[in-house]
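For the protein sequence lines, the chains are A and B, in the order given.
Going by our numbering, the first sequence opens with residue 1, and the numbers climb by one from there.
Going by our numbering, the second sequence opens with residue 10001, and the numbers climb by one from there.
Any given hint might turn out to be false.
[Unchecked claim] To give a feel for the contact side, a few chain A residues facing chain B, derived at Cβ under 7 Å:
1) C23
2) T29
3) F40
4) R109
5) Y112
6) Q286
[To be verified] Under the rule of at most 20 Å between Cα atoms (straight-line distance), these lysine to aspartate or glutamate pairs were calculated in the EDC-like manner:
7) B:K10583 x A:D344
8) B:K10638 x A:E24
9) A:K30 x B:E10605
10) A:K30 x B:D10673
Rather than coming from a laboratory, the hints here were simulated on the basis of the structure.
Even glycine gets a Cβ: it sits at the ideal position worked out from N, Cα and C.
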Amino acid sequence: MNMRHQKLSILLIIPVCLCLLSCESLLDTKPTDFYTEDSFWKTATHAEEATTSAYQALLHNDLYNEQTPFMFEVMTPNAYHKDNFQSAHDFAIGAHSATTIGMNLVTWRGCYRGIGRCNMVIDRVPAIEMDEALKTRLVGEAKFLRAFYFQKLNVLFNGVPLVVTSPNGADHSALPRAAYAEVKQQILQDLNDAIASLPADYPAASSGRATKGAALALKAQVHLQDHEYTEVVSAIDELIALEKYALFPDYNGLFRKANEGNSEIIFDVRFKSPQVRNSYDIIHAQYNTQAPLQELVEAYQMKDGLSIEESPLYDPQNPYANRDPRLAQSIVYLGAPWRNRVADAADLHQTGYTFRKYTEYNETTVGTIANSDVNYVILRYADVLLMYAEALNELHGATQAVYEAVNAVRQRPSVDMPALPAGLDKDAMREAIRLERRIELAGEGAYFYDIRRWKTIEQEMVGPVHTHSGAVIETRNFDPQRDYYWPIPYTEIDLNPALIQNPNY
Amino acid sequence: MKNFTLHMQRIMRISLVLYILFFSCSQLLMAEANGQALRKPASLVIGHQTTLEQAIQRLSQTAKVDFAYDARHLGVAGLTAHPAAYRDQPLEKILTAILAGTDILFKEEIEGTITLYKPQQPGRIHGRVTDDRGEPLAGATLTVNTLNRSYTTDSEGAFSFSAQPGVYDVEVTYVSYTTQRKQVSIQSGQSVELSFTLQAAEGALSEVVVVGYGTQKKINVTGSVAVVNGDDLNNRPITNASQALQGVPGIYVNQAGGQPGADGATIRIRGVGTIGGGGKLNPLVLVDGVEYPLSAVNPADIESISVLKDAASSAIYGSRAANGVVLITTKLGKRDQTTIEYSNYFGAQEATYLPDAVESSVDFMEWYNKAMVNQGGNPYYSEELINEFRTNPTSLVYPNTNWMDLMFGTAPIQEHNIRFAGGTEKTRYNLSAGYLGQDGVLKGMTGADRYSLNLKINSELSKRVSIEGGVMASRWDKDEPKAGISTVMNRIMRMVPIQPAGRMEDGRWPDSWVLTPGQNSFENPLIWAAENYQKQVTDRMLINLALNYRIIDGLLFNIRASANEGRYDMRDWNTPTMLYNVKTGAPTRYSSASVATLVDYGSKEQRLNTTSTLNYEKTFGSSHNLSVLGGFSVETFKGSWRQASVQGFPTTELPELNIGTANQATTGTSYEDALLSYFGRLQYNFRNRYLFEFNSRYDGSSRFAEGNRWGFFPSLSLGWRLSEESFLQDATWLDDLKLRGSWGQIGNQEIGRFQYVNSVSLGLGYPFGGTYAPGSAVTQSKDPTLSWETTTMSNLGLDWSLFNGKLTGEFDVFRKRTDGILRAVTLPAQVGALGGPVQNLAVVDNSGFEVSLSHTNRVGDFTYQLGAHLTKIRNEVVELMGEEVISGSRITRAGDPIESWYLLKTDGLFQTEEEVANYPSITSRVGPGDVKYVDLNEDGKIDGNDRYIAGSTFPDFTYGFNLSGGYKGFSLSTVWQGVSDVSVRLNGNMAMPFNNGAGLTKNWITDSWTPENPNALLPRITTRHQYTAENFSDSDFWLYDASYLRLKNIQLAYTFQNAALRKIGIDRLQLFVNGQNMLTFSKMKLFDPEQDLTGEHIGKYPSVKIYTAGLTVNF
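The shape of chain B in the complex, shown without the other chains (with noise of 0.2 Å):
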């Protein structure tokens, strides 16, 4: 009976919850029957013998109704029924004579189905929660799981609440103790105290944290590992889960511009370890045990986060770990529990910085001939001209285009996600779905909608086999403008006033009748964004099955098999729009494109993977732990992409690849890998005092040769929990503190495929009599002897935790040392301008330090955290074989960092001519007000060989700190992101003046250099070019400081958790409101400090603030 009452409450529940969810019409599962049956006439004779039971049996039979009760728990056995004869009389009547002088009650719950019962009193459970001092603990949490229920202690640490008889399990949790668990049986009308004295926990030194195949207590890690704890990410806007690595000690998260889709985080672990780009610098991440791009990942599905920072604990991932693993474990139901939960937010997000650009027509001219004069030329525009524009008010023929204000304004943000969880004793499940819609700051041409699903379970087939698997997909949509968003940034940044925006009353597009000098044609943005698009979709899908088979106790064979499936089509859309002369209407030019060209894109990739691990552990004796991994693992990787154009479009109407008639072109190819590996892992402990670990890979790489594609990465680590020692059992307030000691090796094997391989390419085609014929030849030298990148990598940490958790730290230094690195030789053209070989040939160092601090504390109702972490990191070029490769304005050589700045210095402006004569300069035009550039060499020349290390692309500090507060149902949080010690160049156009066509900043007017104003900022003004080297030329004048501390995320949240709320079937409601990248401080105003540090120019989409209001709901 009460648990057929309590199975119908759970009916009730979730169908009020899809009630409100999605207004469906699930009423029929909940309403009251209307008592039907018990209205129906029905016959019955009882004789003398007869039962209660058997009359009712009968009664079933004859008026065809459906009884429901326990006949042990009503008491039945033994009760008669009074003689009697009913006779077509209602069902309800007869129940009532027969069970009279009984306690049995009866009603018509399901239509149909008569349940029989017994009334019940409520019985009550109170008591009281303390520590183990007898102080009482307020804002405990109590759960009751079989009720799904959850009561909070008042001031006084008591609570109490009303239950049916019955047997429940009551937990308790708070922070900083430790979870106890007390069952309790409740007959009806009875009070029962229940009371909890809870332990301090060991603070964060009892978290079971994941590592590399299988999970370890945090107090026994010998490696350097940061957990992110999935909790920590909720409600935040997080577009992408890069980010959610944000304030991670030790690892360097920068997010690079806002553009919906794009907007992935650039994760370094530990500093740059190698020479190269793209993959070859990032992290290997997996999830639930399988590589998987971080991107396709939910925020909201993530349980935790492990970053495995030193060779100690990657290791056991070799080839692939150089540059650090994530780990990213999603989330799963408990057991005993099921859980609803519905979350959302909308918000607006906006630019965070944008060029100030002159959006006066008059002052663009006039600061164009200014430049002119400046440089030695002649005015351009004439007065007449610029008068015209200065008397003639605002208008498409005379205009003042703010390009800035016309191209970017405020975005739309919003996030759904729904998650069924729970479990069984022994099956636990996970459904979560999410909706992610995001407009682009950037309007008309950027936005991006994610939808991702991911469906995990875990199941005991029996005591020794249980098995595990899900699925997780997702796709992204993403809108781009054609061409890629580099383009037409670049031409944003690109357009002056003078040119018109907007349509001509007709509907066609205007052209400038005014030429701005620089640009062939005025190729406007607003019309890439109403003709043409490109866009994108990416989906991607993970299939994961695994076993467990416990063969004997501490015995376990594990055996996972994934697939990893992405593809992505684009689709290019370009069409001609003709420009019409603003004040005379004539056709003048095409904007850009003359003729309309469609491209569709498509790639598609599978990664196959099967692993199997054996695990064994032991405890002998007392004091002998003893844990041993072995495992191998087969990774198959297969990929292709395919494209195909056309043109000759007989109308726009129509974009499809059937319809295109001209240049029909198609190309695409498909190429895979191999890995092969063994690993293990030997874990030893006395006493968990003494902590011994070596782990060890052995991978086999289809990049390189046969005789060179096996690699061995082995790691060794030793820890020691000085807290165990008897000479620290006094210290009381030392809850745990342990150093620990690591060496191992790690591998890198992005190269790109068959660099081993003497190739002779194709494509290398030539027209013959009309036709293309196909043509072949040697274009790379190849060193076949070519094996892994090897980085070696010690590091020494120290744990603590103090005062039961209240105050715990880390601090780790380390060293990492990158050989043999993988680089293309260049050859000289003579030897055929073949590509040179890649060889491994280069060494990289990185060595700094780490350190954090964690206070969490609790004051009356008010609890609080505070956070903080810094590291610092060095890197250094050991060996280029003597090359300098120069790129740009950026050097990477023996004895500096990589791609550090290398540039002119400077020393303010030339104020008079006397100054300038006695300088070296580095053209014949310099004049006062230009920049003055020191002769580092002293050659009397100012020339490239005065270049020096002026800076760094990598912050040589990352800090940050997390602050957060609650009170009773609020609480807020805080995350800051800071760096420091790095620079960017900034260059092109709008950073600098009218260059390449483009307009200029403000600043320009009010901070350049002129006689009146000698101590300005800004040297004369002239325009960027070519020949104007007297101030462009890529020296240190340019080199911004980046540092910045950023508040990356605030939030106010509140809970309600109430009765109320649970009588509408709400278990808990959380409202909050979120803000990102609220605050910067940054010496950088220009452009955003957080961006693309080696990237040059400021034509990049803009980072974004993003406001949101959400609620969380539970149920």
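Chain A extracted, bound-state conformation (with noise of 0.2 Å):
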């Protein structure tokens, strides 16, 4: 019995041993769910997804998620945020400074984050072995999508560090701002290259990729966005013979999700339940947290195409009969139906009105709500006819051309306003273009935008702006000095001191 326990025993001391030599290697753990460096960028499938993460920077809530998106809107005199979501109500009304915190940050980084993984692609796809016609086309998406980000932040902020290599801590952490020309000029180097190494359009099953048009579009805005009106002109022109893109009928219906990817898109963010889903549904049906406000429902013409105070069909105690019908189909109102009842005061908690647009609901469907993937379009043909009539006109006055662009957008079979009428001089054209983009384009964002180019934010951002009963629900204010641009974050500026902020802050 004694012996042979202690036989049992010595035998298992010696198993314990023998680990001891062999079991070193069990320190040696290996990743089972990510890639490592050393073994990534080897095969095409690296390649593509590698650039895939270049898009899929768009859907986080620094730029296209979230509330994120609306809050440029709200930076507009269309609409109004009851809380201060990333500082956008700071920044509505000039309290903004040195120190705020929101906006500025989540574009600055959500852009470089877009930026870093655009530089990846460009670095290391070329060096892959692999198909060449499909590595000239990533890379040219890669470079679509840079300059799209760097034309958020140059705009914005006017001027940032240009980083065009692999991110990487010691070789980018000290870089300074570059200039304004010098980013722009990098900008137009990569849309020049996308626009020669990208199709113009896709198989279905890549669609919602970045197109040669799409690079065209983007490079109009930047000329646009300094004046450049005959390089807008000729991009423009180079996008419409390629004969890829057309108004889409139904006003409302050309952001639905049913109709993704349809005529009138030219690049937008797409989302995917329940994969990537977005809060745009329950912002505007619960949070009503980017609230129209009066100013934008008053500048709907009616539709005879006059404005209220001009035409004889506006009845103030029905305000909402008889206007335009981009009134109904951007925004809901009092009594309007909605998500199959009649919207009341509970639901439209903040000014009366909520947003229509970019909702999957409908006047008869309730909706999930919770599962919204309607995508975001970044740039749409409409957009891109209202940029050529502005230009044209800039260059040569209310042409026909002018007319026909703006028409054209007017009179889209479910719109179907009145044409703009005869004999408008340059700057009444002019006017009546801002209105246009302004109706067409609310709640899109694109006003911030607009009203910085044409410097009529210095009027259009001071003074008091109200609910649909008319109350002030707060003042703006804009500092013309100053609030052209967005102070630098200044965490930023603690982490890199070579960041010098914008003048005034």
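These two chains come separately, so use the hints to put the complex back together.
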């Protein structure tokens, strides 16, 4: 008995000692749910995955998810925000300062996230052995996206650090801001590369990728920002010549998931439940945090093409009747059919309005709210036509081509507004185009850039704004010496003292 | 015969227990046989030479009955039977005849077996128990293990009891005296005197304490080790074993909230040693030598807890010991003893603190209007509406809902434990099972059940080889509200009186017809309780097997293999509930979710460990004591989780994954770790007077890159037992005095996996053409050179014991520095918005002292114990590479404690417009009654630059008292816990008025500033809002002193131990009543002061008071 146990014990000791010699390999655990940089950048699949991630940066809350994209509308006379999400309210009332953190930080961070991923593709994909055509296209897509991200930063901050190689703390942490022109030059170069290498369209399975048309539209936007109208016109001429785009007949429907990738869409941010959802439905249906203002509602013409002041059709007791059909298609007002019932004050608890655009439910369906996957449209043909009109009018006055472009937008089947009156002079046409942009693109964030470009922000963002009942909901302010550009996030300056703050902050 | 009888007694005893406990039909076992065999007819012929024994054997054969007897004991040798012939006579008659003339009797105790026995007169054992001066010791306990009985001495120290003839071991125990054991032999009818003279014990210092990979006599311990005796935990409603550490000097145990199944306490040993959260700050917990979560241990199974506080005692656990080590030893039976113990309690719980919310709708609306006016707006609720509420009686349409009363209430709790423990000469065992059932004070949504089982065996196979092993298993069934407790608590704190509670007459759920600004929809928590759920099940099992082999005397080899398995399953069912306008009945909106969602989550983990040690102990000469330990350990850890969710349910009656049709989503992953360790200990002492100890561990971890993965953690300690020195020999009042000092290093590897690998993350996909395409990118910069955090700790301590252990105490001063704290460096976003690399960056110091005093004494029948302890800790961030980490209103920066409150300074309230005009103000709306902020940097503005360190989130002082006394069978014990110099900043719903659409507490109505009430505690009312910075900026105005002294536990018990009970098979019966958290002294009145101090809102599960009563019975 004794001896047997002892032998058993000795038998146990032996494997223990053997393990001493072989166990160290246990410490070599291998990651099972991510690649390492040593194993990545080898195949076409890797190249595609990396490029996909450059698009995915668009889906981040910093850019086009949550309430963030709508905050651009809140910083215009079109809408109001009850809280101070991403300090958008502070920006709207001009109460922001050098230490304000919010839209400036998320936009900065969101764009550099995208830029970093584009840079990885542009840096690493060329060395991968793969189909050359695909390689060229993927790099072209990354260049389009890089240009897109840089353009956003350049307009908002006026010159930012120009990072064009794979992210690297040692190389990039201390880069100072480059001049606006230098960044712009890089943007245009990227866009020209993209125009040269991207296809005009894709098979259905690849729809949503950057196209030649998207690069041309963005190029037009870059030039329009700096009032380079000839370049705007030539880019748009080239875009039109692709013959890929047409206005979608159903104004509200062009934003709907069912019509994803319709003829009017040039570039959009795509969502797909359940993998990538957004919060658009719940923001508009419940939070009401991007509440349209009375100022926007009043800007809609009557269906006779006259303003509410001028038109005999306007009835203050029934203010939403006989209006530009885009009002009811873009905005929910008290008493409007909505989610299979009538919208009441509890629904529209901020200003008496909410946006209908970018929601999936409609007049008769309640919608799930939680599974919103409506796409966010970044560039669409109506926008391009209005840019075209704006540039042509500035170059040549209210020519036939200008009328055609604006009227095409005004007279799509579901809108069907009267054509612009004949004989407008250049200034009157300019006003007409500006109103058209405000109405056509309401709720899409475009007006934020428009009123800066036109400098009308100095008037429009000063003074009180109102709810549906005419009550003052807040008073806004804009300092032309300071507020055309956002403050560089001070937290970024803390991390990189080479960043110089914008003037007057 | 004696053995046989004893055996029978035991059968009867056990069956009685079973009968009582389980109401089973165990009578069969204990029923007297009815004598069938004795009535059997038999034939027998007895010749002249037939011995008695032969006659009985023949009778056994012919009658086919068994006889049981001990021939030697009966003395049958040499006895003959009278010649006779019996034909078909009852056995009983034959036996009576052949046994005539002897003193042998017979009976049929077991059916079919006839027992032969000699009648015996019981003997008597009597005597006295005295101390070494001859003073009688009253109340000493005598235990006769083989009889499984115990007796108590009377006031003269005398005892007397009867016993059947035999040999017995009698053991005498008495508080503060050494146990004495004597053997006594009794003949039939004999009376034996047995006296005991007990020696005073060397106080607490005679204890043996569990240390890393072994045990040590406490007098020889040179490190800082705190011990909790499992007996101190008896009968307390400890719902999570982490609470058992309350009251241990040097340990901060904070139990935030009383949610059933989630009320584990946070344990911080000697401060917060590193920067980071959760696991990085927790101590290493080992149960019977194996890493195991405290929450899975049934507190009733705990024999003792050792807390290794300094590096000298914990360095042997190396890289996981930086936050201290908690060693739990579970119970095991005693030799030659069988115990069955059943204990229970039943009780009730109620919330300690709940916000005193305004429940009148009229008050709510009027005060909301006042707030709006005060902040420059217009009244929101019309006078007509307020009047409508004022003139109508309370109803569903005109509610005055008190949501706190509605949601919280008294909840039952009960616990049952049964333990079978005992042993023989060579084998000891424990088998125990427990059940804890606890409803939550948050009604309808919370509650938990814990089932636990512990089997442990220790057996000597031979003189050199022994084995031990066990299985410990537990299950927690826990109910949570859907979406988790924090969401629902936040919602409850957001409810307002104008919102209708309950259902409408037809069963539909009402929607408020009056809008609550700030709330988009009425998310009625009652609906969450009624329509949705989240069920969580946690299973844990620890399998532990060890073998000891004494190779030669003094040299012991031990190998232990263990598997620690855990599984967690969660099912969350969230259904849409339509609300209907309470006035019109029209459908309005969904309460919260608009679509049914089922989420099914499961995770599992497994930790395998093999540890081998070789231990050599030897005394050279009579003075040199040497002990050497060497060992190594291999530990692997594997875990995985998966989640599936689905929507699109055709009916909410069928909540299963295979019923849903839309938005199916699955995800999950797995991970593993490995740790290889070599460790050793060298102990040497000279005449138990000069003590020396060296501990070290060499750890290799998979958390670091090859080349950086091995770390060496040494410690050194010295002790000097001054009381052993000749110059103190005359001090007879001094039992022990020891000075000890230590230095050592320990590590921390809790940094997440693969922080050293340059990774390309997946999951960054994008839907092209309606199909989600995979995407990958580098999202974090990595530093492959990162390595261990190292904590260097020195400790100086003094232990003393005076007057035979009546006064004992310890004093320790320590200094603890953690170097190379792993922190993610923040990169500027222009570097691709990458997460910064984790690097060894920061340095944090903790220094302080601990003192504890204990006095135990007896005055006549009255015994008492007084204990007190105090710990002071100063925490300071020494180096943070110039960073200031501000998280909300807390800051971590060099020169200040971790996570200090960083707030604006305030100076009361503005009283006049003139005063306002002469101060810099935070907004343009500031007026009389608003908070006055101090322009600390004197730049004429109030902004973030005026913040200062306003308080600490970790108490500077923690202290406690244990006061207990006993008189005869009564005992009363109390445990007090206190902290001081700590603050909490409460924010959010209910802590501030009308926050995010929530209501307000009543003190705003009575205590807020108005021109008529200028000395108010609170500023004039405004809604807590983004734009009401004038009162609700992050300031010290809202910083509360969270110091408290709490009667953590009070227990009154009475123990019955008498002959009457023993007659029905009960050795001991204790009845008790117990109260948890009965008294709290604190300045903070808004919420329970014992809470998550860095959690800034009060939407948290409340702490609870628990009243219980129960019994413990031993058989």
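Okay, the hints, checked on the actual structure:
1. C23: OK, holds: C23 (chain A) within 7 Å of chain B, min 5 Å.
2. T29: 4 Å, holds
3. F40: Because about 4 Å separates F40 (chain A) from the closest Cβ in chain B, which is inside the 7 Å limit, the hint holds.
4. R109: At about 4 Å, which falls below the 7 Å cut-off, the nearest Cβ of chain B leaves the hint on R109 (chain A) intact, so it holds.
5. Y112: Cβ of Y112 (chain A) sits 5 Å from chain B, so the hint holds.
6. Q286: Hint holds; Q286 (chain A) Cβ to chain B Cβ min 4 Å, cut 7 Å.
7. B:K10583 x A:D344: Answer holds: K10583 (chain B) to D344 (chain A) is near 15 Å, not above 20 Å.
8. B:K10638 x A:E24: Roughly 17 Å between the alpha carbons, so the hint for K10638 (chain B) and E24 (chain A) holds.
9. A:K30 x B:E10605: Answer holds: K30 (chain A) to E10605 (chain B) is near 17 Å, not above 20 Å.
10. A:K30 x B:D10673: The hint holds at about 10 Å.
Checked against the numbered hints above, the structure breaks none of them.
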